[in-house]
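Asks: Protein chains in written order, with my numbering: chain D, 26 to 139; chain R, 2 to 152.
Possibly wrong hints are sitting among the right ones.
Once the Cα atoms are required to be at most 20 Å apart in a straight line, the calculated SDA-like pairs of lysine to any residue come out as [to be verified]:
#1 D:K92 - R:E109
#2 D:K107 - R:K143
#3 R:K21 - D:I33
#4 D:K107 - D:T126
#5 R:K143 - R:L85
#6 D:K92 - R:S92
#7 R:K21 - R:E67
#8 R:K143 - D:A111
#9 R:K21 - D:G44
#10 D:K107 - R:E44
#11 R:K21 - D:L54
#12 D:K57 - R:E109
#13 D:K92 - R:D107
#14 D:K107 - R:D107
#15 R:K21 - D:E98
#16 R:K69 - D:T126
#17 R:K143 - D:L117
#18 R:K69 - D:K57
#19 R:K90 - R:D39
#20 R:K21 - D:R45
#21 R:K21 - D:K107
Keep in mind the hints are simulated off the structure, nothing from the lab.
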Amino acid sequence: MNINVFDIVIRIVTLELEGRLDAFTAPQLRSKLDELQNQSVIRYVLDLTNLEFMDSAGMAVMVTLLKHARQQEGDVKMVLPKLEAARRILRLTRFDRVFDTFETAEEARKSFSI
Amino acid sequence: MNNRAESEILIKLELPADYKYLNILGSLINGILERIEDLEEPENLAYGLQLAVHEICTNIVGHAYEEKPGYRIWLEFRLLNEPLRILVKVSDTGKEFQSDIETAPDLENAQVHGYGLFLVEQLTDSFEYRRDGLYNRWTIEKALTISKKDI
Numbered sequence: 026m027n028i029n030v031f032d033i034v035i036r037i038v039t040l041e042l043e044g045r046l047d048a049f050t051a052p053q054l055r056s057k058l059d060e061l062q063n064q065s066v067i068r069y070v071l072d073l074t075n076l077e078f079m080d081s082a083g084m085a086v087m088v089t090l091l092k093h094a095r096q097q098e099g100d101v102k103m104v105l106p107k108l109e110a111a112r113r114i115l116r117l118t119r120f121d122r123v124f125d126t127f128e129t130a131e132e133a134r135k136s137f138s139i
Numbered sequence: 002m003n004n005r006a007e008s009e010i011l012i013k014l015e016l017p018a019d020y021k022y023l024n025i026l027g028s029l030i031n032g033i034l035e036r037i038e039d040l041e042e043p044e045n046l047a048y049g050l051q052l053a054v055h056e057i058c059t060n061i062v063g064h065a066y067e068e069k070p071g072y073r074i075w076l077e078f079r080l081l082n083e084p085l086r087i088l089v090k091v092s093d094t095g096k097e098f099q100s101d102i103e104t105a106p107d108l109e110n111a112q113v114h115g116y117g118l119f120l121v122e123q124l125t126d127s128f129e130y131r132r133d134g135l136y137n138r139w140t141i142e143k144a145l146t147i148s149k150k151d152i
């Protein structure tokens with residue numbers, strides 16, 4: 026008898042961002058993402074639940090990641106911030122349409138249909 | 002505290018032109034707005050105003066001063082009456098802003114750049130830039146609405 030076992034492990038990386046994502050802290054995130062991209066990660070969950078503030082430099086890092094992930098047939102799912110004022114900015118820039126958005130990281134991870 | 006500014010209130014701040022210190026703006030703006038009683042949507046207002054001023058300062062650090070050390074940003078926050086509003090003036094001595102280069106973002110297709118001044122426009126009631134000798138002068142204004150209480 027032959028038993029052929031195929032074990033496919035799909036890697037989904039969740040990044041919980043807390044505090045401020047702005048021009049000062051964005052390079053920190055960029056550097057962490059470069060590290061993950063070098064490991065060929067293409068599926069990400071950006072968990073913004075506890076994000077207190079985000080500026081256009083933070084948005085630029087997120088869009089760069091999204092474009093890169095989709096080019097590699099991966100994706101970036103976003104968990105919306107708790108703070109309504111921060112959600113409002115995501116609506117204003119239509120990031121809530123560009124990214125698939127979720128209320129929890131678990132829902133976001135489950136949404137990756139392989 | 003009063004729900005209107007007793008007289009015109011002026012607060013001045015001088016910052017090193019460094020991304021590192023722009024977090025101070027949030028505390029200052031929250032501090033000013035929390036002294037106004039019964040402000041409508043105070044969290045949205047404080048967040049939006051902080052983001053607008055922050056984006057102007059980020060533009061100054063990155064473009065006007067090209068991230069070079071040793072430069073300064075001057076800010077004035079004025080609470081004005083009739084109607085109640087906040088006026089913020091931001092000045093720097095960096096390179097002149099080239100408004101013709103700045104383009105509005107295409108919101109249907111996410112872009113890496115172009116959201117900064119778009120956000121400033123969206124989050125304020127008026128937004129002006131002018132070159133004044135060696136200075137860049139940015140002015141934004143935002144109305145402050147007091148919620149109506151049931152009598």
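Asks: What's the verdict on K92 (chain D) and E109 (chain R), does the C-alpha distance respect the 20 Å limit or exceed it?
Replies: holds (14 Å)
Asks: Does L85 (chain R) sit within 20 Å of K143 (chain R), going by the straight-line distance between their CA atoms?
Replies: holds (9 Å)
Asks: Measure nothing beyond the straight line between the CA atoms of K92 (chain D) and D107 (chain R); if it is 20 Å or shorter, mark the hint as holding.
Replies: holds (15 Å)
Asks: Hint check: K21 (chain R) vs L54 (chain D), CA-CA at most 20 Å. Holds or violated?
Replies: holds (15 Å)
Asks: If you draw a straight line from the CA of K21 (chain R) to the CA of E67 (chain R), is it 20 Å or shorter?
Replies: It holds: about 15 Å lies between the C-alpha atoms, which stays within 20 Å.
Asks: Sort out whether K57 (chain D) lies within 20 Å of K69 (chain R), counting only the CA atoms.
Replies: Not satisfied, since the Cα-Cα distance of roughly 25 Å exceeds 20 Å.
Asks: Holds or violated: K143 (chain R) with A111 (chain D), Cα cutoff 20 Å?
Replies: holds (18 Å)
Asks: Within 20 Å, alpha carbon to alpha carbon, are K69 (chain R) and T126 (chain D)?
Replies: violated (38 Å)
Asks: Verify the proposed pairing of K92 (chain D) with S92 (chain R), using a straight-line Cα cut of 20 Å.
Replies: violated (35 Å)
Asks: Are the Cα positions of K107 (chain D) and T126 (chain D) separated by 20 Å at most?
Replies: Holds, because 13 Å separates the two Cα atoms, which is no more than 20 Å.
Asks: Does the structure keep K90 (chain R) and D39 (chain R) at a Cα separation of 20 Å or less?
Replies: violated (25 Å)
Asks: Are K21 (chain R) and R45 (chain D) close enough, with their CA atoms no more than 20 Å apart?
Replies: OK: K21 (chain R) and R45 (chain D) at ~11 Å, within 20 Å.
Hints 2, 3, 6, 12, 14, 15, 16, 18, 19, 21 from the list above are not met by this structure, while the remaining hints are.
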